[in-house]
Amino acid sequence: MFLLFALITIIGALAMSQQKNVIVAGLCMVLTFLGVAGLFLMLSNPVAAALQVIVYSGAIMVLVLFTIMLLNSHEEEPAIQSRPIQRWVGALLIAVFGAFAFRIVMGSKALVDINTLADANTAVRPMEAMNLAKVGEEIFRHYLLGFEIVGLLLLAAMVGAVALTKKEL
Amino acid sequence: MLAPSFATGLWENLSHDIHYIWPQILLMVSGLLMLWPLDSWLLPWTKAEKHKWAIPTMAILLLSLAISVYTPNGLGFSAMYKVDGLTKGFQVLCILASIFAVMLSQKVLGALFEHTAEYYALILFATSGMLFMCGAVDLVTIYFSIELMALCIYILVAYLRNQERGIEAGMKYFLLGAFSSGILLYGISLLFAATGGITTNLTELNQKLAVVSQDKSLLVYSGALMVLVGLCFKVAAVPFHMWSPDVYDGAPTPITAWLATAPKAASLAVFLRIFGTGFHSISYEWEAPLMLIAGATMILGNVAAIKQQSMKRLLAYSSIAHVGYMLLGVLSKDAQAGAQAIWLYMLLYLFMNTGAFAVVIYLQGKNEGERIEDFSGMGKRHPVLAFSMLVFLLSLAGIPPFIGFFGKFYLFLLAVEQGYTTLVVIALLTSAVSAFYYLEVVKQMYFKEPAEGEVAPMDSYSKFLISTTCAVVIIGTAFGPQLLKWTDDIRWFEKETPAAVMEFPNK
Amino acid sequence: MESVAHSIGLSAVMTWTLLKVLIVFGSVMGVSSLWTWVERRGSAMLQDRIGPNRALLFGRWQLLGLPQLVADGLKFFFKEDQVPPHVTKRLYWIAPMLAFVPALIGFAVIPFGRSFSYQGALYHLSILEPGNGMGMLYPLAIGAVAVYGILVAAWSSNNKWAILGGMRASAQMVSYEISMGLAVLAIFMKVGGYDPGEIITEQAGVLWKVLPNWFIFRQPLGFLVFFVCMFAETNRLPFDFAEGESEIVAGFHTEFGSMKFALLALAEYAHMTTASALIATVYFGGWSVPFMPEAPVLLTILFFLIKLLFFMWVFVWVRWTLPRFRYDQLMFLGWKVLLPISMVNLIGNAWWMTRGGH
Numbered sequence: 002m003f004l005l006f007a008l009i010t011i012i013g014a015l016a017m018s019q020q021k022n023v024i025v026a027g028l029c030m031v032l033t034f035l036g037v038a039g040l041f042l043m044l045s046n047p048v049a050a051a052l053q054v055i056v057y058s059g060a061i062m063v064l065v066l067f068t069i070m071l072l073n074s075h076e077e078e079p080a081i082q083s084r085p086i087q088r089w090v091g092a093l094l095i096a097v098f099g100a101f102a103f104r105i106v107m108g109s110k111a112l113v114d115i116n117t118l119a120d121a122n123t124a125v126r127p128m129e130a131m132n133l134a135k136v137g138e139e140i141f142r143h144y145l146l147g148f149e150i151v152g153l154l155l156l157a158a159m160v161g162a163v164a165l166t167k168k169e170l
Numbered sequence: 213m214l215a216p217s218f219a220t221g222l223w224e225n226l227s228h229d230i231h232y233i234w235p236q237i238l239l240m241v242s243g244l245l246m247l248w249p250l251d252s253w254l255l256p257w258t259k260a261e262k263h264k265w266a267i268p269t270m271a272i273l274l275l276s277l278a279i280s281v282y283t284p285n286g287l288g289f290s291a292m293y294k295v296d297g298l299t300k301g302f303q304v305l306c307i308l309a310s311i312f313a314v315m316l317s318q319k320v321l322g323a324l325f326e327h328t329a330e331y332y333a334l335i336l337f338a339t340s341g342m343l344f345m346c347g348a349v350d351l352v353t354i355y356f357s358i359e360l361m362a363l364c365i366y367i368l369v370a371y372l373r374n375q376e377r378g379i380e381a382g383m384k385y386f387l388l389g390a391f392s393s394g395i396l397l398y399g400i401s402l403l404f405a406a407t408g409g410i411t412t413n414l415t416e417l418n419q420k421l422a423v424v425s426q427d428k429s430l431l432v433y434s435g436a437l438m439v440l441v442g443l444c445f446k447v448a449a450v451p452f453h454m455w456s457p458d459v460y461d462g463a464p465t466p467i468t469a470w471l472a473t474a475p476k477a478a479s480l481a482v483f484l485r486i487f488g489t490g491f492h493s494i495s496y497e498w499e500a501p502l503m504l505i506a507g508a509t510m511i512l513g514n515v516a517a518i519k520q521q522s523m524k525r526l527l528a529y530s531s532i533a534h535v536g537y538m539l540l541g542v543l544s545k546d547a548q549a550g551a552q553a554i555w556l557y558m559l560l561y562l563f564m565n566t567g568a569f570a571v572v573i574y575l576q577g578k579n580e581g582e583r584i585e586d587f588s589g590m591g592k593r594h595p596v597l598a599f600s601m602l603v604f605l606l607s608l609a610g611i612p613p614f615i616g617f618f619g620k621f622y623l624f625l626l627a628v629e630q631g632y633t634t635l636v637v638i639a640l641l642t643s644a645v646s647a648f649y650y651l652e653v654v655k656q657m658y659f660k661e662p663a664e665g666e667v668a669p670m671d672s673y674s675k676f677l678i679s680t681t682c683a684v685v686i687i688g689t690a691f692g693p694q695l696l697k698w699t700d701d702i703r704w705f706e707k708e709t710p711a712a713v714m715e716f717p718n719k
Numbered sequence: 006m007e008s009v010a011h012s013i014g015l016s017a018v019m020t021w022t023l024l025k026v027l028i029v030f031g032s033v034m035g036v037s038s039l040w041t042w043v044e045r046r047g048s049a050m051l052q053d054r055i056g057p058n059r060a061l062l063f064g065r066w067q068l069l070g071l072p073q074l075v076a077d078g079l080k081f082f083f084k085e086d087q088v089p090p091h092v093t094k095r096l097y098w099i100a101p102m103l104a105f106v107p108a109l110i111g112f113a114v115i116p117f118g119r120s121f122s123y124q125g126a127l128y129h130l131s132i133l134e135p136g137n138g139m140g141m142l143y144p145l146a147i148g149a150v151a152v153y154g155i156l157v158a159a160w161s162s163n164n165k166w167a168i169l170g171g172m173r174a175s176a177q178m179v180s181y182e183i184s185m186g187l188a189v190l191a192i193f194m195k196v197g198g199y200d201p202g203e204i205i206t207e208q209a210g211v212l213w214k215v216l217p218n219w220f221i222f223r224q225p226l227g228f229l230v231f232f233v234c235m236f237a238e239t240n241r242l243p244f245d246f247a248e249g250e251s252e253i254v255a256g257f258h259t260e261f262g263s264m265k266f267a268l269l270a271l272a273e274y275a276h277m278t279t280a281s282a283l284i285a286t287v288y289f290g291g292w293s294v295p296f297m298p299e300a301p302v303l304l305t306i307l308f309f310l311i312k313l314l315f316f317m318w319v320f321v322w323v324r325w326t327l328p329r330f331r332y333d334q335l336m337f338l339g340w341k342v343l344l345p346i347s348m349v350n351l352i353g354n355a356w357w358m359t360r361g362g363h
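Heads up: the protein sequence lines correspond to chains A, B and C, in order.
Take 2 as the starting number for the first sequence in this note's numbering and just add one per residue.
Take 213 as the starting number for the second sequence in this note's numbering and just add one per residue.
Take 6 as the starting number for the third sequence in this note's numbering and just add one per residue.
Since the hints were made in silico from the structure, they are not lab data.
Being a predicted model, the structure only gives us computed values, none of them experimental.
It is possible that part of the hints are untrue.
What the hints assert, rightly or not - Within a straight-line C-alpha distance of at most 27 Å, the following computed DSSO-like cross-link-like pairs (lysine-lysine) qualify:
#1 675/B x 519/B
#2 94/C x 25/C
#3 675/B x 592/B
#4 519/B x 384/B
#5 167/A x 384/B
#6 545/B x 420/B
#7 167/A x 80/C
#8 84/C x 21/A
#9 655/B x 675/B
#10 94/C x 84/C
#11 94/C x 80/C
#12 655/B x 135/A
#13 165/C x 21/A
#14 165/C x 84/C
#15 519/B x 420/B
#16 545/B x 428/B
#17 592/B x 655/B
#18 420/B x 21/A
Unchecked claim - From the derived model, a few chain C residues whose C-beta atoms are all more than 10 Å from chain A:
#19 84
#20 126
#21 143
#22 145
#23 149
#24 176
#25 179
#26 222
#27 241
#28 352
#29 357
For glycine and all other residues, C-beta sits at the position ideal for the given N, C-alpha and C.
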């Protein structure tokens, strides 16, 4: 199960970066988000999974696609051919990094646990499942300061967006 | 049914620790008030001009400066935020830099009719983000406050939205900044995973990292490296500096002056926090990369500055180089001494840099000052201006009688004590290189014939600003040795016990 | 149950889940297609005309025009599947499925009857067991994904009208999702949980001795917001901007024909079903029977069905009663009316709760 979601995520991401068509790339990104949501589910954090879907695929990507449609760029822009050396070095680095990451992930104890538990279909979970109440308590008790900063951050982003785009301030 | 005690508990939690963050709250709340009720209701009512916001902004910043100095030391918000010498010292730097930025802004914004409450509110928000950065002792808080600061800066960089250069700069900064934030966050999550997914608190992380098992060392290594990369981007250290010249060039000049000081001061505070406390136990992991980065930053920053034609780009590269010097302090194993040296350097750099930019801004108002050739013959046209610029530039170069020398001297001394001789040699050589391009400007000012054009008299405001900073730089020279001694008294890192022993020395 | 499960070689849990899936998805599809008929007959009724009555079963029985349903289905099946030459092929094929699947699976978390125990085992009447941690977030998430069907359909058509429709749909859904989420948050707060089961149990009992303890009476403001948002989320009139014959022809499904069109149309009705079920669950006590705390299981299912069908009828009713909004009016309503209302509702409730009320 883990591998399935991980593959969905990775394939979505790769397809997105390779895709020349902007809308299709956006849809691939949605696929990635869904894969990540699945991974959250595997980590017995359904709240994060649901929020991932609601916020990222449901709101942000929709707005991105909306903007693309608004600009209506059906024509695919010809990509500037990058230097082959760069491309090969990049691919090599990715391969090395990916190999290491793969080794770490496959060797990690948690993955083994998850797989055995999922296969055995037992009720016992590796961690206690997260729920909304617990998320709320964590945010408002432990991470209160971070939460407030994020609130200000979003406000600043909003102010900035208006300041940069509105014709007459 | 959730008990209402949750709400009361929340309130108690807030009110218990709120005295640590009064400066930030002041900045936030006044920024908010400026944005909404005051700007749209009060201002039309009193028929005041838009640029009247500058003075309240400065007053607010000064007030928060005073409050931040008198904030009691301690640890609050479930070990997320700490007030100690490091926090206060760098908070003072950030607020000072913001005040200078507001002061510098007056001319530029006045000329462009871009006086809006948003500009000042964003400066206030960004400053509060920096203040949070200075005190954050948890990776979560650190990340969020970095983002708060960076986001406001992206917007301010692109603030002159009618100019293509500004938009381009903002866009570049935003994209690269978002990318680097991603790297930083990834590094944080790797470290979080490597230590068992329990804590993001720096002190606890330090203990956990010290005993992390062998098979996780790859995780730790890549995590620490990624955090390093993400932070290096924020201070524009080589090789993560590419954004810096373009952004400095495209941003409104007061913002450029601010960008060269305030975010760097805050980021260096984070640097000290993370590498001084959080990753202290794994210093073998990040020491070599950081040494490389520091060396490369010094070399490339200084060498690239030689070829620059634009004054703003020259100052951008010089600020990269200065960051390279300051990274020496981060490398110091004695975090106390490192913090002290960096703080001193940053304080001095703040004055020199602001002064230099003030001159540039003044000339920009006359449609020059962008290019180094515009400075030719300034010794005859504007003797005071040219003299001030001379002082600032020589001080930036670190030539002995001027104040910049003390910062450099102390920093290099510390690095030698810590055994980074090679780096210090590089630093000294590159300092010599830097003297070359600073003196190039001096040469333009005094030994070149002035371009055609009438001599415009200086207005009193710029005169005051420039001569004051100049005076500080000169008079500061006399107090150089005292400064060293004085910063010795500050206890930069409090122990975890929240009991406040050492008060921040009052000015 | 055990023996049945054994005979098809599955565990009892699996069999029960499979059964529930079959029942729920079967009935959602059944109700959805039935409602195409209800819509046509209902509109005829409201407009004082007769409606479809020409299709006859075996050439004899009229059955209030019900055979029209079968005829339509057969027609869609056997119609030539034309693909316009200018579409983006792969997306054009996927789009109807993308629209239909979320519409269908959104129902999975909603309990349609009281849990009962049989031979010592407890059976829940919802596909996803309660306590799965997703709770009411699940239908919200699925509803959020549902917009992609319309978006992809619109974009793959390579047609200006279609793209306009898709854009409108996406903007509308995003705008109204926020108000909807805030309205539901107030409910979460009151309940202290977000599982549909918990929400329903919270609504058991009697309010002021005469009314069932439903959330519609306890949070009328929230209900108003949620109700309006549901219309926007299902793209139903008065918010059907993805289509709109007068200006953008058939909007996002202009280029779709035969079974693809049928799927897109059915998706709308499946959305309606899910939305009705949500309204019934969140604000009308779900399967609970008013004034009967220990109602038998079958009665609870019946009551759930009654509530569900009532709200589906409301959808039809509204469609043929209210005129359409204009697009800017829609945005105004979403951002400047509903959002403040839902915020006031949320904050007012929070304040009320800190004062010890509930």
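When you look at the beta carbon of residue 176/C, is every beta carbon of chain A farther off than 10 Å? violated (6 Å)
Is residue 592/B close enough to residue 655/B, meaning Cα to Cα at most 27 Å? holds (13 Å)
Hinted pair, alpha-carbon criterion (27 Å max): residue 167/A, residue 80/C. Please report holds or violated. Judged against 27 Å, a Cα distance of about 52 Å means the pair is violated.
Outside-interface status for residue 357/C - nearest CB in chain A farther than 10 Å: At about 18 Å from chain A, residue 357/C clears the 10 Å cut-off, so the statement holds.
If you draw a straight line from the CA of residue 545/B to the CA of residue 420/B, is it 27 Å or shorter? Cα-Cα ~19 Å, so holds.
Within a Cα-Cα threshold of 27 Å, do residue 519/B and residue 384/B meet the stated pairing? Roughly 22 Å between the alpha carbons, so the hint for residue 519/B and residue 384/B holds.
Minimum Cβ distance from residue 179/C to chain A greater than 10 Å, as the annotation requires: Label violated. Min Cβ-Cβ 5 Å, cutoff 10 Å.
Report holds if the minimum CB distance from residue 241/C to chain A is greater than 10 Å, and violated otherwise. holds (19 Å)
Given the hint that residue 165/C pairs with residue 84/C, does the C-alpha gap stay at or below 27 Å? It holds: about 25 Å lies between the C-alpha atoms, which stays within 27 Å.
Does residue 84/C sit within 27 Å of residue 94/C, going by the straight-line distance between their CA atoms? Distance ~19 Å between residue 94/C and residue 84/C Cα, so the pair holds.
Next pair to validate is residue 84/C with residue 21/A; report whether the Cα-Cα distance is within 27 Å. violated (35 Å)
Beyond 10 Å from every Cβ of chain A: is that where the Cβ of residue 126/C lies? holds (14 Å)
Violated hints, in rising order: 1, 2, 7, 8, 12, 15, 18, 21, 22, 23, 24 and 25; the structure is consistent with all others.
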